[in-house]
Each structure stands twice: as structure tokens, then as C-alpha cells.
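K.L.:
Read top to bottom, the protein sequences are chains Y and X. In case it helps, numbering that gives the first Met the number 0 puts the first sequence at residues 0 to 486. In case it helps, numbering that gives the first Met the number 0 puts the second sequence at residues 0 to 57.
Just so you know, these hints were derived from the structure itself, not from any lab. From the three backbone atoms N, C-alpha and C, an ideal C-beta is built for every residue, glycine too. It is possible that part of the hints are untrue.
[As the list claims (entries may be wrong)] Partial list, computed: chain Y residues near chain X (C-beta under 10 Å):
(1) 203
(2) 328
(3) 333
(4) 371
(5) 462
[Stated by the list, open to error] Quick list of simulated restraints, FRET-style, between CB atoms:
(6) Y:51 with X:13: 43 to 51 Å
(7) Y:341 with X:46: 24 to 32 Å
(8) X:17 with Y:58: 43 to 51 Å
(9) Y:299 with X:47: 48 to 56 Å
(10) Y:264 with X:14: 51 to 59 Å
(11) X:49 with Y:413: 31 to 39 Å
(12) Y:241 with X:50: 20 to 28 Å
(13) Y:36 with X:15: 51 to 59 Å
(14) Y:264 with X:4: 56 to 64 Å
(15) Y:18 with X:28: 47 to 55 Å
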Amino acid sequence: MNADESKFLAGADAVATASAVKSGKITARAVVTAALERIADRDQTLNCFTAITAESAIAAAEKIDNSIARHENPGPLAGVPFAVKNLFDVGGITTLAGSKINADNPPATQDAAAVARLKQAGAILLGTLNMDEYAYGFVTENSHYGPTRNPRDTARIAGGSSGGSAAAVAAGLVPFTLGSDTNGSIRVPAALCGVFGFKPTYGRLSRAGAYLFSSSLDCVGPFGRSIRDMALLYDILQGPDDRDPVCTQRPPELCSPQLNQGIAGLRIAVADGYFATGAEPEAMAAVEIVAKALTNALNCGMEIGKITTNPPIIGGLETVSIPESDRARAAAFIITACEGANLHLDNLRSRPLDFDPATRDRFLAGTLIPATWYVQAQRFRQWYRDRIRAIFQHTDIILAPATPIAAPEIGVEKMVIAGQEILVRPNLGLFTQPLSFIGLPVLCVPVQRPGALPLGVQIIGAPYSEAVILRVAAVLESQGIICAESI
Amino acid sequence: MINIEEYVDRTSELINLPLDPEHRPGVVVNFERIAEIAQLVTEFPLPHEIEAAPVFQP
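Pulled out of the complex, with its shape left as it was, chain X reads as follows:
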């Protein structure tokens, strides 16, 4: 079980982003949502040759 609250506190410290105690619960809820959504991307196996384009050409 990942501790999202802990992650939010430590990472915001690392990037020097002070979190107002009033905003913290909302940030945690939003980060939980992002983490859930990100799983759809991170669990998908991509071939090594697929690279990110610095300037995207559609």
C-alpha cells in the first residue's frame, strides 16, 4: 500500500513547495486520482524503440 500522504509531504518538501495545511487534503485527493490514472499508462508495456518526440509531429 503506497502512502500517498507521505509522498505528497516529502516530494513537496523536495521541490520547495510549501503546502498550506488547508490545501493539503485536496492535494492528497488529487494526487491519489493522478496516481490511479497514471497506472493505466505505466502498466502498459511499450517497445524500447518507442521514444518521446521533443517536438511532436502529428
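With the rest of the complex left out, here is chain Y:
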């Protein structure tokens, strides 16, 4: 492989990679070999991978190459390398979910539904990725498997809990990965590493074979470096699944064909109040950059008289208040602590010393939550959902920051936000938690800043409006406002 091909593969998205493979420009085997070399070269520093499946990946690549030689259709992701957070079942590998305890389990007997669908589409699994233990954290500083380092600055965290998934894409090790999001575990690391991270509507994608954390909130979703990849991956991952009791029976809605429909007529607003006050100014500045670009796109071609008469507030867009979002976050916190603790109760009784010290005391405390707090939190969830349903009667898209700050340094326990010193671990999810609480689809898009760390902006839609979210992101990407430029 020449240097140009290597450079192309390190920066290419999944669509470009598959296209090169299908057209015969490059073999799947060469693509996989190059990705394995990048991992060998960089992962000792970054610590994204906890298992590398080189042998089966090469074998899968040869199968793809053979099917192309026979003029068969190898699938839309032909020869595209990918990796998954180590809470996804991969046949033949023990599902760690970031823990030492689960390392004693036998290997998984079959792939998680999401992994199987991606392989069916021609993608090639290269391994599994580091995370916070049992997904309980926003930092991926795992005491058993070490911290995952942020490729933009290796002294800093990648975010979590899907930290390995975000960092592997940001470093160009693989074009896309899978993660999971309960309170922000896709959106927080996507924001801190500067890549795209998509948490679809609760129940939209099958979680079968993904190790649960808090079933009331858990979602799975992709990380990637382009909007067309996000749309394609989401399209491939959709579909009902009896193995996941919350997976929707709705028919899939393909987003890729809708990507270039533009945003004319969409009602886009910026979240104020809770979402605008607890952030460092730089986080709101990122939202404003996105808001301004969308204002220009919305006004493009409109006569002046037709432009909204209401006073614009942030980046030219109207603002919207989502009431009681601090209580929504609190309720999500209670539900997560309670369900997560219950899931691990047996091990908390019998082998507490084998837990990561960063999660152990939180899990132990979670077992003691009175039932009435939990039920009240679940009931509040319906109340909050109804308020947001009302907002979506007159709004299509809401913008909010993804994290209150850019990536903190590894090992730092406290951060200062708006003059207040607060804990890093629970508070990086300040802006993500109220939204996943009611299952909204959210795409975290990266805003790159010259000489500074990236920041993420959440593009939030009504339930099942993934296509609209992706159309908005496609406009921003086409204008160069958002991108996941690999370093």
C-alpha cells in the first residue's frame, strides 16, 4: 500500500471506504490490514481497545474480496472496519462491560443484534473498546483496564462511558464504532473527542446482546466522522427485534434518501434556562456558531418580510425553555442508580472488592434507595415527557450544548463551571441527562476550534424524528460548520 492509500484510509468515512472496496480500487484485506497497523501504532498510547480480533477480521475481509470477485453484492459497508464498546456481545469473546467481574464469564455465544446487522452489511469487526465499568461514568478512567486517552490531547479524558468508541474514531483507527447511551454515554465522549455520536429514540434500535445498565434509559448508537455515515449506520441498525422488549415495532424509516432535503420551513430553537446557564461561555459559543449557520440557511431565499418578527435571542434563533430540567436530571439519576444497583446486587454482596472503586460506592448506595423515590422519578418522567411533547408541537429541532466544558485532564476530580466548583464524573452529563431521560433522539455534532479542544452541540428532535435531525446536520456539515476531522 502506498502512502496516499494509507492517508486516504485513515481519514475516509465508511461510505468512502466501502465505495473504494466495491469499485476494486482497494481490497477489503488491505483496508483491514491498514486499520490493524494504525491500531498497533497508536493504541498503546490511546488505550481504546480491550480485545483485537485480527484473525477473524482478516478472514472476513477475504470473504468480502471473494464475493466481489464473484460479482456478488458485498453490502453497503463492504470491507469497512469497525469496533464496539465492550458491552456488546461478540461471539467468541467474553463481554466485559468494563468490569473485572464479567471477565470470569464464558465467551458470548452469538453477536449482539447491532453487531450482527453491521456484519451482515459487510462491515468487519476489529475488536472491542474500553468503557467505564458497567457504563457508570462519563470519563473512561477504568481502574481495571486503564484510562482511554483523548486523541486530541492525550493528557485529557476521552469522556465516557463509551470513551474507547469515541477515541477510536477521533484517532482514525476505524471509520465507525458502536456505543451505548443511558445518560449521555455516546454524546459526552463524542463531544470531548470531536466526532459525531448518535443516540436515537429510546427503543428505536435493538439492544439485544448489549449488556444493560439501566433498562429504562439504555440506548445503543453509532459514532462516526460524517453525516452520511450516521444516516447509513442508523438505517442498517433499524428494525424490530423480539429479543429486546423495548425495541419498537414501527417500520424502519430510512434517513439516507432524505439527507439532502434541506431545512426550509423547519422551526429550530435554542434551549435556554437550564441549558444556557450551567455552561462555560465556550460551550454556549459553540451552540451560537451552529445557530447562526442555521439562521442563515433558513433565511436563505426568504424575503425579508417573511423572516420571523420575534426578536432573535441566540445566534438569530428563537429560544425555548424546557421546564424543570434540573428535576429531570435528578430523576434520571435516581432511576439509573436504582436499576444499575439492582442489576449488580449479587456481586455487590459477594465480591464488592472486585468492583472499580469509582463505581462501587455509588452502586452500593444505589441499592438502598427507597422505592417511593424510584416510582416518583418514573412518574415524573411522564410529566416531563408531556411538557416536551407540547414544545414539539411548535418546534421541530432544539439546540443545546453537549457538555459544559471541553475535555478535562485525566485524574482531575473537580471542575469549575460558571464560578462553581463541581465534580467532573457526574456533571459532564449535565446537559445530556434530561434529554435521554425521556428517550429523545439526539445527534451530537462536533464543532472544531483552531488551537483549542473540540466541543459538541446536541441537535435534539421529537421522538422518531431522526431523519429531520440528520437533515439539519447535513446542512451544517455542507457549510463546514461541523466536522470530525481526524488528527
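Dock chain X against chain Y, hints included.
P.N.:
Just chain X now, with coordinates in the frame of chain Y:
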């Protein structure tokens, strides 16, 4: 004034969860945090007709 330490000791006994003396202070600190956060939820008046959905439909 609620005695969180007492609550942690009695409730962990009730659910048969032995607490290592080394872990106990951390559990108490975490439960204090949870109790503070829970107040935001429990103090908010909800209409009686609001129910929790067994399978959540967004």
C-alpha cells in the same frame, strides 16, 4: 435531621448487603448525595393521574 449513617446501616442489613467498614464512609457520602438529588424529585407535586409506564413509550 435525618441520620443517613443510621439509614445506610439499617437498610443494608434489611436487604442482606454486608458493608465492608472500608466502603461504608463512601456509601454514606454517596447516599447523602442521592438523598439531596432525590429531593428535587420528591418535593415536586405530581397530579394523581400521572402514572409510571411499565414499558416506556417516548
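K.L.:
Which of the numbered hints above does this structure break?
P.N.:
none
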